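Number of protein chains: 2
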Amino acid sequence: MSLLSVREALSGAGREGQEVTVRGWVRTRRDSKAGLSFVNLSDGSCFSPIQIVAPADLPNYESEVKRLTSGCGVIATGTLVPSQGQGQAFEMQASAIEVVGWVEDPETYPIQPKPHSLEFLREVAHLRPRTNLFGAVTRIRHCLSQAVHRFFHENGYYWISTPIITTSDAEGAGQMFRVSTLDLANLPRTDKGAVDFSRDFFGKETFLTVSGQLNVEAFCLSLSKVYTFGPTFRAENSHTTRHLAEFWMVEPEIAFADLVENANVAEAFLKYLFRAVLDERADDMAFIAERVQKDAISRLEAFIDAPFERIDYSDAVSLLQKSGHKFDFPVEWGLDLQTEHERWLTEQHVGRPVVVMNYPEHIKAFYMRLNDDGRTVAAMDVLAPGIGEIIGGSQREERLDVLDKRMAQFGLDPAHYGWYRDFRRYGTVPHAGFGLGFERLVVYVCGLSNIRDAIAYPRAPGSAEF
Amino acid sequence: MSLLSVREALSGAGREGQEVTVRGWVRTRRDSKAGLSFVNLSDGSCFSPIQIVAPADLPNYESEVKRLTSGCGVIATGTLVPSQGQGQAFEMQASAIEVVGWVEDPETYPIQPKPHSLEFLREVAHLRPRTNLFGAVTRIRHCLSQAVHRFFHENGYYWISTPIITTSDAEGAGQMFRVSTLDLANLPRTDKGAVDFSRDFFGKETFLTVSGQLNVEAFCLSLSKVYTFGPTFRAENSHTTRHLAEFWMVEPEIAFADLVENANVAEAFLKYLFRAVLDERADDMAFIAERVQKDAISRLEAFIDAPFERIDYSDAVSLLQKSGHKFDFPVEWGLDLQTEHERWLTEQHVGRPVVVMNYPEHIKAFYMRLNDDGRTVAAMDVLAPGIGEIIGGSQREERLDVLDKRMAQFGLDPAHYGWYRDFRRYGTVPHAGFGLGFERLVVYVCGLSNIRDAIAYPRAPGSAEF
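Listed in order, the protein sequences are those of chains A and B. For the first sequence, the positions run 0 to 465 when numbering that gives the first Met the number 0 is used. For the second sequence, the positions run 0 to 465 when numbering that gives the first Met the number 0 is used.
Please keep in mind that the hints were generated in silico from the structure rather than gathered at the bench. Since the model is a prediction, treat every value here as computed from it, not as a measurement. Mixed in with the good hints there might be a few duds.
In this list, chains with the same sequence are indistinguishable; a pair is considered to hold if it fits within one copy or across any two.
Think about it this way: if two alpha-carbon atoms lie no more than 25 Å apart in a straight line, the pair counts; the simulated DMTMM-like pairs of lysine to aspartate or glutamate are [said to hold, decoys possible]:
#1 Lys-321 <-> Glu-122
#2 Lys-404 <-> Glu-308
#3 Lys-293 <-> Glu-279
#4 Lys-203 <-> Asp-421
#5 Lys-270 <-> Glu-153
#6 Lys-270 <-> Asp-327
#7 Lys-203 <-> Glu-122
#8 Lys-203 <-> Glu-235
#9 Lys-404 <-> Asp-371
#10 Lys-293 <-> Glu-388
#11 Lys-32 <-> Glu-204
#12 Lys-203 <-> Asp-182
#13 Lys-203 <-> Glu-118
#14 Lys-191 <-> Asp-311
#15 Lys-363 <-> Asp-421
In isolation and in its complexed conformation, chain A is listed as follows:
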């Protein structure tokens, strides 16, 4: 007996006419008038289920096979034969079907073989990977995560796991989650009545990180090319379809790199990821293109084929002002670009991805390198049709005296950034990096509109778990 995944069985796996075993969950059962049943079995190994032909002479045909419903766990043994059915090379002529797990009450089983709303599926997040859509999303997300690691590994980067519990705030802004073991019912107090954080687990106030960038910068000044890929947290009460409180970020950091090289790496990186999805998840992407987003495949192909445009922020502002397009938000040098502006640039003006570079210094973070003009910093945003901003990055301010001035300007306490300042005293070199929100990438590739559909367990307002 050879055990095959459904993916292997569907391909024949060189075992035509041989007896093999597959295991999985029933998608559908159809009984033919000829006295046999067709059971579609899925194990998640690929998009398609395999068709199991169950003849009436199976000993448990009447007692079990004909009672199979969607979701039942089954082990099927039989012969692989070429399939007459569309889209699959092989099917199985069953010689034995063992039912391992019944569905307790088929009538109330949430995942019926019919379309479900995404809202409904968020409520049954532990079961939604059994649907076509969330099986596909999970495999695509996996493919993208593997491609992230592979791209950096192949290009000589080292993965660094930066601290999740932290005392510093990378952006100098943004609401953070507090992490504590203090007993809220009985908070320790200092003499002056303040909460005494010296009694907390780490002896000081701690939070969930908003970014691993500041930490990974130090590693880049030893190992040249490094990246993080881990969870980050924002406690912003913006319950939109574009924001999560908990999300994974990819943050490469490159020594001796300037903004031009940074943009080149970002372009190569995104193209590598999309190439991987098209090559490795053609089955799932075909479903996405058929049912979710018509141009899901063609837009990735266009993305891979197109050289990204580079536009200076100042030029972008001029272009927007001269566009004749009526925007809701004002366009003026010194103001940040809004989504409508970004989309016009990438979708209307250029028609392919654009890297906007060198933003006004006062609208960007303190760690971005001040350009020689004194009014812009070496920051970049990568904008793409259909999604808008997908990557943000910058060359970092490696000059300690300039950094200190920038921190003073932003009202940041240098004492909070001791080691961040410190490593700039020791052989500091130009360096640059960028950040990619992983779930936003997944949502884009899968043609979804709500970021909660990109994660394993949606954390909707009012529920930490789902």
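Since the structure of chain A is provided, determine the placement of chain B on it from the hints.
Same frame as chain A, now just chain B:
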């Protein structure tokens, strides 16, 4: 001009006699009486630095090259020539050396070219990757993390990112970190005076996860083979050299698997990881074997070559009782095995890795599958010479009625485990999985004894960051 990594340059990269550029940080400088200098330059791309031969006729020879100290950031251009030096194929005859970053005060630069204590290096965690040891640890950790993803990918597993912020406690025990955005100075209260968590960010009490296992189990019942690789948290105030508050865990979960298959996967997995380290990080492992742990390489080779022994817990207790060895802790059926017992089994008795299986049910977690004897569960611990327990796992209790009894026995509230109970009603099948603490693995491979030396940033007591 061709830009090469030090790793590429050291190998010659097919560019003998050609002009190339390397970039990195000075390890040492030595001036010869012949009027030239030897600068060892490291960029982290491999263990060895490259020797740069700087002739006196460089325009900045007196003014800059002769002032280079450890840690300076340098761009060196020159010709690759075969090296007379030991252990490297090529060195560079420099035609230009550009100093990009000076060390502000070489006298006080913490990373001098001499041995440092690990304790000292934990205090300068942002600089310690510039040492031989922590460069090696970082590359080995990277290699292991890539191998984790690759092993599962090649074997048809999907990566699942389970929630970090959670409401449930996977183990039913252990101190958790609270996650909150409530204002501690002004806590909202219910009518009865209790803290009103309905006003917290998620509308309920939330914590940092201790394990992704319960979540990933649901995915395994859709996609058959899945794994997590992400941070987990324990707020236990045990400041030992073996425990971290924040650590990464690898947790595969396999549908249709029993304990025997679980152990087989664990064995194949560990061997794959160690094979990867020996193949891909031979340079760093040679250093570890020379300076840190003499048998670092040979013990991994032995680990790969040896078939793991399987011993039933009950038999292990008999063996320990008959051993004639005097243990500090009592050996008796029903008591958990202590480290001294585990080490005797794997190091003295078997002399290679051992999987101990089927532990008494009352000393293991509620979710482990009750065996037919009614007194043991299908749990396993993988023990290995030199480290002790490295993997813990179990077949899961897939029978809802048995699970409910176990939860009652452990005093757990079924309401807290709604979805975990729920998916067992829908086509539940046998499934099993295990957990591997990633930092413990790194510490073992690198021959270190303090787990804080396995992570990028040690989180010592009294400091969340370092």
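Hints and how they fare:
{"no.": "1", "hint": "Lys-321 <-> Glu-122", "in the structure": "neither (47 Å within a copy, 55 Å between copies)"}
{"no.": "2", "hint": "Lys-404 <-> Glu-308", "in the structure": "neither (33 Å within a copy, 63 Å between copies)"}
{"no.": "3", "hint": "Lys-293 <-> Glu-279", "in the structure": "within (19 Å within a copy, 43 Å between copies)"}
{"no.": "4", "hint": "Lys-203 <-> Asp-421", "in the structure": "within (21 Å within a copy, 40 Å between copies)"}
{"no.": "5", "hint": "Lys-270 <-> Glu-153", "in the structure": "both (15 Å within a copy, 23 Å between copies)"}
{"no.": "6", "hint": "Lys-270 <-> Asp-327", "in the structure": "neither (32 Å within a copy, 60 Å between copies)"}
{"no.": "7", "hint": "Lys-203 <-> Glu-122", "in the structure": "between (38 Å within a copy, 17 Å between copies)"}
{"no.": "8", "hint": "Lys-203 <-> Glu-235", "in the structure": "both (23 Å within a copy, 16 Å between copies)"}
{"no.": "9", "hint": "Lys-404 <-> Asp-371", "in the structure": "within (15 Å within a copy, 70 Å between copies)"}
{"no.": "10", "hint": "Lys-293 <-> Glu-388", "in the structure": "within (21 Å within a copy, 51 Å between copies)"}
{"no.": "11", "hint": "Lys-32 <-> Glu-204", "in the structure": "neither (71 Å within a copy, 56 Å between copies)"}
{"no.": "12", "hint": "Lys-203 <-> Asp-182", "in the structure": "both (15 Å within a copy, 16 Å between copies)"}
{"no.": "13", "hint": "Lys-203 <-> Glu-118", "in the structure": "between (41 Å within a copy, 21 Å between copies)"}
{"no.": "14", "hint": "Lys-191 <-> Asp-311", "in the structure": "neither (52 Å within a copy, 59 Å between copies)"}
{"no.": "15", "hint": "Lys-363 <-> Asp-421", "in the structure": "within (22 Å within a copy, 47 Å between copies)"}
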